[in-house]
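Novice: Given chain A's structure and the hints, the job is docking chains B and C onto it.
Chains A, B and C, in that order, give the protein sequences.
Plus 549 on top of the position in the first sequence (first one is 1) and you've got our numbering.
Plus 549 on top of the position in the second sequence (first one is 1) and you've got our numbering.
Plus 549 on top of the position in the third sequence (first one is 1) and you've got our numbering.
Hints are not guaranteed to be accurate.
As the list makes no split between identical chains, a pair holds if one copy fits it or if it spans any two.
As the list claims (entries may be wrong) - The calculated lysine-lysine pairs, modelled on PhoX-like cross-linking and capped at a C-alpha distance of 25 Å, are: (1) Lys579 - Lys843; (2) Lys646 - Lys749; (3) Lys638 - Lys717; (4) Lys749 - Lys717; (5) Lys729 - Lys638; (6) Lys729 - Lys843; (7) Lys564 - Lys649.
Everything labelled a hint here was simulated from the structure, so no lab data went into it.
These numbers come from a predicted model, not from an experiment.
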Amino acid sequence: MPFIRNTWYAAAWSKEITRQMLARTIANEKIVFYRTEAGGVAAIEDRCPHRFVPLHLGRLEGDIVECAYHGLCFDPSGACTLNPHGDGKIPRAARVKSYKVVEKYNVAWLWFGEAELADEGLIADFSIMTDPRFCTVSSYLHVRAGYQLISDNLLDLSHGQYIHPMFKNAEGPPHFEPEKNPSDNEVWARFSRPNQYPNKYFQMLGYPADQRGDHRNFMRWSTPSLLLLDVGMTGVGRPVEEGLSIPTSHLLTPETDLTTHYFWAMSRDFRQDEVALSEELLRVGVAVFDDEDKPVIEAQQIAIDTSELMALNPVLLQTDGPAVRARRIVDAKLQAER
Amino acid sequence: MPFIRNTWYAAAWSKEITRQMLARTIANEKIVFYRTEAGGVAAIEDRCPHRFVPLHLGRLEGDIVECAYHGLCFDPSGACTLNPHGDGKIPRAARVKSYKVVEKYNVAWLWFGEAELADEGLIADFSIMTDPRFCTVSSYLHVRAGYQLISDNLLDLSHGQYIHPMFKNAEGPPHFEPEKNPSDNEVWARFSRPNQYPNKYFQMLGYPADQRGDHRNFMRWSTPSLLLLDVGMTGVGRPVEEGLSIPTSHLLTPETDLTTHYFWAMSRDFRQDEVALSEELLRVGVAVFDDEDKPVIEAQQIAIDTSELMALNPVLLQTDGPAVRARRIVDAKLQAER
Amino acid sequence: MPFIRNTWYAAAWSKEITRQMLARTIANEKIVFYRTEAGGVAAIEDRCPHRFVPLHLGRLEGDIVECAYHGLCFDPSGACTLNPHGDGKIPRAARVKSYKVVEKYNVAWLWFGEAELADEGLIADFSIMTDPRFCTVSSYLHVRAGYQLISDNLLDLSHGQYIHPMFKNAEGPPHFEPEKNPSDNEVWARFSRPNQYPNKYFQMLGYPADQRGDHRNFMRWSTPSLLLLDVGMTGVGRPVEEGLSIPTSHLLTPETDLTTHYFWAMSRDFRQDEVALSEELLRVGVAVFDDEDKPVIEAQQIAIDTSELMALNPVLLQTDGPAVRARRIVDAKLQAER
Numbered sequence: 550m551p552f553i554r555n556t557w558y559a560a561a562w563s564k565e566i567t568r569q570m571l572a573r574t575i576a577n578e579k580i581v582f583y584r585t586e587a588g589g590v591a592a593i594e595d596r597c598p599h600r601f602v603p604l605h606l607g608r609l610e611g612d613i614v615e616c617a618y619h620g621l622c623f624d625p626s627g628a629c630t631l632n633p634h635g636d637g638k639i640p641r642a643a644r645v646k647s648y649k650v651v652e653k654y655n656v657a658w659l660w661f662g663e664a665e666l667a668d669e670g671l672i673a674d675f676s677i678m679t680d681p682r683f684c685t686v687s688s689y690l691h692v693r694a695g696y697q698l699i700s701d702n703l704l705d706l707s708h709g710q711y712i713h714p715m716f717k718n719a720e721g722p723p724h725f726e727p728e729k730n731p732s733d734n735e736v737w738a739r740f741s742r743p744n745q746y747p748n749k750y751f752q753m754l755g756y757p758a759d760q761r762g763d764h765r766n767f768m769r770w771s772t773p774s775l776l777l778l779d780v781g782m783t784g785v786g787r788p789v790e791e792g793l794s795i796p797t798s799h800l801l802t803p804e805t806d807l808t809t810h811y812f813w814a815m816s817r818d819f820r821q822d823e824v825a826l827s828e829e830l831l832r833v834g835v836a837v838f839d840d841e842d843k844p845v846i847e848a849q850q851i852a853i854d855t856s857e858l859m860a861l862n863p864v865l866l867q868t869d870g871p872a873v874r875a876r877r878i879v880d881a882k883l884q885a886e887r
Numbered sequence: 550m551p552f553i554r555n556t557w558y559a560a561a562w563s564k565e566i567t568r569q570m571l572a573r574t575i576a577n578e579k580i581v582f583y584r585t586e587a588g589g590v591a592a593i594e595d596r597c598p599h600r601f602v603p604l605h606l607g608r609l610e611g612d613i614v615e616c617a618y619h620g621l622c623f624d625p626s627g628a629c630t631l632n633p634h635g636d637g638k639i640p641r642a643a644r645v646k647s648y649k650v651v652e653k654y655n656v657a658w659l660w661f662g663e664a665e666l667a668d669e670g671l672i673a674d675f676s677i678m679t680d681p682r683f684c685t686v687s688s689y690l691h692v693r694a695g696y697q698l699i700s701d702n703l704l705d706l707s708h709g710q711y712i713h714p715m716f717k718n719a720e721g722p723p724h725f726e727p728e729k730n731p732s733d734n735e736v737w738a739r740f741s742r743p744n745q746y747p748n749k750y751f752q753m754l755g756y757p758a759d760q761r762g763d764h765r766n767f768m769r770w771s772t773p774s775l776l777l778l779d780v781g782m783t784g785v786g787r788p789v790e791e792g793l794s795i796p797t798s799h800l801l802t803p804e805t806d807l808t809t810h811y812f813w814a815m816s817r818d819f820r821q822d823e824v825a826l827s828e829e830l831l832r833v834g835v836a837v838f839d840d841e842d843k844p845v846i847e848a849q850q851i852a853i854d855t856s857e858l859m860a861l862n863p864v865l866l867q868t869d870g871p872a873v874r875a876r877r878i879v880d881a882k883l884q885a886e887r
Numbered sequence: 550m551p552f553i554r555n556t557w558y559a560a561a562w563s564k565e566i567t568r569q570m571l572a573r574t575i576a577n578e579k580i581v582f583y584r585t586e587a588g589g590v591a592a593i594e595d596r597c598p599h600r601f602v603p604l605h606l607g608r609l610e611g612d613i614v615e616c617a618y619h620g621l622c623f624d625p626s627g628a629c630t631l632n633p634h635g636d637g638k639i640p641r642a643a644r645v646k647s648y649k650v651v652e653k654y655n656v657a658w659l660w661f662g663e664a665e666l667a668d669e670g671l672i673a674d675f676s677i678m679t680d681p682r683f684c685t686v687s688s689y690l691h692v693r694a695g696y697q698l699i700s701d702n703l704l705d706l707s708h709g710q711y712i713h714p715m716f717k718n719a720e721g722p723p724h725f726e727p728e729k730n731p732s733d734n735e736v737w738a739r740f741s742r743p744n745q746y747p748n749k750y751f752q753m754l755g756y757p758a759d760q761r762g763d764h765r766n767f768m769r770w771s772t773p774s775l776l777l778l779d780v781g782m783t784g785v786g787r788p789v790e791e792g793l794s795i796p797t798s799h800l801l802t803p804e805t806d807l808t809t810h811y812f813w814a815m816s817r818d819f820r821q822d823e824v825a826l827s828e829e830l831l832r833v834g835v836a837v838f839d840d841e842d843k844p845v846i847e848a849q850q851i852a853i854d855t856s857e858l859m860a861l862n863p864v865l866l867q868t869d870g871p872a873v874r875a876r877r878i879v880d881a882k883l884q885a886e887r
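For reference, chain A alone in the conformation it holds in the complex (with noise of 0.2 Å):
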């Protein structure tokens, strides 16, 4: 399965990539992270290029990564800085590929395509995420299942009703509103509950379970699989600066072409010093996002095997909208890229 190359792909958490090499394959290309020691990340190919075994299982010393097997050495660059052995020449092709990655928003961003493309200015904005005036919480799962599958599911929250207790609403699912003028690079899935009373998750947050309000979850998506979504309830009619706010990002990353790299975060412009809040959060967003969606998920992988989703001609409702756009967005970008 090819993924889009000029496009930037959240990698780790900020926090992830430390002194301690940390493996993880990105879209099917075995990667070593680290940090240098002048705070940068680094990274390289997990594979020595000499008799292939994984570069992580060797030694960190310095910026320098010396295979387990013979010693030969690798600098951030994936350039061969010692071979320890017979005459010590250093073969031509003793070299590993090194990735672009930069760090914003507490995540390190890696590039897979053009090097004069990669416009760090093209990461979409989750600056919520270290906006001062909130509180972030962040976690990671993953996921046996492709990212398609994942985004499709959070750009159709009318799920919510189903599969989250604490998101249910006695009067039903949520009011879907279809996107107006649609744009090339970011899909808008909008639901809505006008003058209901709040679910149990608002009114964990403080909303007062008697009262009235209106309940948005708008969701906003950005290659390759970026969601962000802007949750709030307010009062009825009321403007949105008023009410509640918890904004969630959702950064999806193809492990391979059936699993996934999972990271989100929720943060909050209330309450924010309040570190029960945050792990009862935490605690809220494994509840849902490991405990019920990752099973269906998964269940939903595991029936269409190997297939692509769309090959199988699904009965298509009208909430299917936004995930049908953002495959179709994907699409394209993959075939200009061909």
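Specialist: Just chains B and C now, kept in the frame of chain A:
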């Protein structure tokens, strides 16, 4: 691997089908079974046509299954009865397969073939299992081997001498009597031990250890792979009715090409009210079928891998006659359906 | 993957072959080994030609194996000696392969090739293992990697510096001396450390930690993949006989394309009667081969998947010379047998 379509498959014991949905794969098709409020059996495709999530993960409400993911609803005919989203229109393609099932002999029988040929009268006679003069115990095991390897096992009962200590006789393997007038639909495999001391099984059932008798094992095979063993022991030269009879049913249903649902039952017309004997028989059945036959048959499947047994040119003995004939009947029916 | 036919494979340690049947796959062929009543080694195909059940599941009675399933009997020549059913006739096709095995150096050697070429004299010299002047300890490990990846490992002992703390020297990797007059059947890989302090291994064996000496690691490779390491340490410039010698045998036998039987032995001509030292050497061997080499070699196999190593164009260092030559000899022999 193709399976016969116009035949009845044992899908489940009737008692397995309840208000709790039962997901079971039959002949490579994923099916969800449940009991309707009126007491019938519903059997529909276990895959929502919208996003392909297994329906058994959802909820059963009355006779309606609600998909776990986005709440589409299906009735026992496979029709979609509710789309809770957007304009609520039900797409024409929103339906799942429904399967014809009848209950007979405490078994739910499933028909894959042409509807007009689904004649209940074609189900092989297993009335022994519901005959009030008999007490019947039943069980189920799952075998990682193709169903024909198991019917081969049951059609050559000479294996009892080697695999099953309880069925072993001091005088060696049983006498095999080749079939004289074979039919096109049934196979008989008759093994007998005239004038011998009882094996441990008949001793357990009450036949005196020091008394010779005539022991019979007459196996009847019907399509697709339903076997009834007339097994009993009586005094030398005495009529069958005088002795012990414990007819045993073996219903083999392909799950996939290489795995099988194995339903078995033992019926007896003596000591019917002895609960301890019923429990002992279940224990013996598990010891014999699960612990002795199954490992050998699974080792056989591993040895032949995905090959068809006959394509490997096995050495054939006289006692293989019935198994070979059963395979030919299956092949002929498959050929006819092509 | 083809394997050389006209060569001797180490099938088992002699002590492994007893009256208990041993099932072992060698070069993709499933074989059952057992000791005959006369004390010889029988090796026959581990698959009954009747229903393909592995023969090792059956019973050994005298020199005869009785199949677990229907009691066909086979002798060490592979001939069927009994059909206990029906007319008792033995079908002409009822026979299994029999393999030529000889015992030498406490090893059972198996020959796949042409019978008339099966010359015991072709077995590479491992007389060290039965030399009464030496005390030999031996063991076995199973490796999930092709046998050539392991012989690569053993032919480039510079890896000891990186993988094995016990074999590491303060002065860096050993000196490698390229072979001058390579033969067509053997490969030598000579590594040495003249005038160095002993590593932990030699300290353990009794070489004084504060005394410099000459340390040699001379590896001899023979087909198909049999390696003998002449390893020892002696005073600087002193003759080998004065110092410690602990020649180590490594017999690599392909189980399948991607798995290997690894038999190893350490022989010593000093402190032969010290049981504690024998136990310590076995412990060291397990630490080094099982816990240090095996994970790296298996990671290498996973990295190259089912590819042939050389087809992936590995970077070659001077120290790879012997491994490359051994592979070429194998390729030439395979080519000649085609």
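Novice: Give a verdict on every hint.
Specialist: These are the hints, each one checked on the structure:
1. Lys579 - Lys843: Intra 24 Å, inter 21 Å, cutoff 25 Å: intra and inter.
2. Lys646 - Lys749: neither (49 Å within a copy, 37 Å between copies)
3. Lys638 - Lys717: So Lys638 and Lys717 pass the 25 Å test across copies only (22 Å; inside, 66 Å).
4. Lys749 - Lys717: within (8 Å within a copy, 61 Å between copies)
5. Lys729 - Lys638: Between. Shortest inter-copy distance 21 Å satisfies the 25 Å Cα cut-off; intra-copy 63 Å does not.
6. Lys729 - Lys843: neither (31 Å within a copy, 60 Å between copies)
7. Lys564 - Lys649: Answer is within; shortest intra-copy Cα gap is 18 Å, inter-copy 57 Å.
Taken one by one, the earlier hints fail for this structure at numbers 2, 6, listed in ascending order.
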